[in-house]
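Going down the list, the sequences are from chains F and C. In the numbering used here, each residue's number is its place in the first sequence (first place is 1) plus 3. In the numbering used here, each residue's number is its place in the second sequence (first place is 1) plus 37.
No wet-lab data here; the hints were simulated from the structure. Watch out, some of these pointers could steer you wrong.
Below, a list of computed lysine-lysine pairs in the PhoX-like style, where the Cα atoms sit at most 25 Å apart [what the hints assert, rightly or not]: (1) F:K154 to C:K86; (2) F:K154 to F:K223; (3) C:K145 to C:K86; (4) C:K145 to F:K200; (5) C:K86 to C:K64; (6) F:K200 to F:K223.
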Amino acid sequence: MREVAILGVGMHPFGAYYSGKTNAEMSLVAGLAALDDAGLTFADVNAAYMGHIFAQVMSGTRILKEFGLTGIPVQRIENASATGSAALREAYLSVSAGHYDVAMVLGFDKMTSMIQSGTAGTAPENLEDAILPAAFFAMWATRRMHERGTKPEHLARIAAKNFNNGALNPMAQRQAKERITAEKVLSSGMVAWPLTKMMSCPIGDGAACAIVGTVEMAKKLRPGRPVVKIAASTLQSERYERGHIFQGPVVGPARMSIDSSNAVYEQAGVGPRDLDLLQVHDAFAIEELEYYELVGLCRPGEAEKHIEEGAFEIGGSLCAVSTDGGLIARGHPGGPTGLAQIWETTLQLRGEADRRQVRRKSGDLPRLGMCHMMGGGSVCVIHILQRV
Amino acid sequence: MPETPRPRQPIKPGFFTVPDDPAQPPKLLGTRCEDCGEFFYPRRALCGKCMSRRTVEVELDARGTLYSYTFVHLPLFGSTNMEHADGYGVGQIDLPEGPRVQAPLAGKQPEFQVGQTVQGELDVLRDDGGTDIMIIRFRPLGEARP
């Protein structure tokens, strides 16, 4: 097995573009940025993995033609919210196994067009499928409040942190003009009690790309620049346990994040306390709170205390989480979301994250970052990136 | 002349019963595994726990303990009678046999509390050309427990 590196990353800013941007336009911006970042051209790419949820069949193959017609294998990968993450994993596996030297992973989606055409005025023929993600995660929150005494203020502090991180990220969809407080988050209007609008990710569009290759190649292409390797990768679906809900799309059973994070820690030979930064599937603030514990940043029942202390902020005492704004502020178009996490973590490990740069207590650049995504159905995909 | 009862149909066949007598509560249509004894809702061809193919269909009382709930303040797939000014309730209900059911709630938010007993009842979602399309909603049974 060969060691695999992130050779380059690129993004088109996430936003609610409606008819203003096509998937092809956004993909070209993200893909060319990633190729430039890697120091490669499309002629160097041996295989492409296209991640999209909402775009039509063939969209991946058609959009790849914008880069050139070179005969390379191209495939669509789809795994709900974890689509981009799952596509990265396929590229990682193929390069690691020696099938290809350079693989392109391109995620794109226009969630705004899906919402406009897909659901307006439609009768809920399958009521069990109509339990919205907001409701599902709100029920996590209600249960947590019952078991642990969690307050809506804790969720609001997470969301405020992510808005304030997002304001430092030019790719983020929600750009707060002023510092966001927990009070503002709490008063932003109810989506599904106790989750407010600002505790929930927005609908949006965007594209993100990662170029994957060998560690040797990364050293040669960009001499002097820190090399970011994929230290571990896992993709898991659920194991049966009592209390599983078989109706409709399911997202985020607790056990899956515990098992998946244990698996990547073992692969990478690290533990949660070694992480300098973490990106999670914070489509709703309650998720981020749960994942603090499920991936082992703190013990069960302790998340609230650490939130009050600001332990998950950039410069916080435990680990910087959702440094680019997370799904809540950076946005969550679907296909590109997992790759936006890779973009952020790669920049952070190289020391290129500008005003939101994470530093270790020693002042050194971060060494380890983890990217966690949940996908409906459901699956959990986690990657650990490491500066070498 | 007595009014003829309107025909009633479940929103999806095989999910729950719609008794002829409107006063009778519905039953949930589930599965029991003959090998490991685990119960499931909705029905499954194979056991979700041990993968046995020896499964039988069972009727379950639509009554259980509220595991969690929320009130949603977004319009749901356009206009339906689930829209209310103060949101519509959605809950997760643990049945005594084991399955956790996810379903709409009947009632206002202050009536609900985690851990209380709730009872499923039929409600008309819409009129489909003279036939009432029925859904199940869960309502608190008696006073909310602390």
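(request) Against the structure, test the hints numbered earlier, and report the numbers of the ones violated in rising order. (result) 1, 2, 3 and 6
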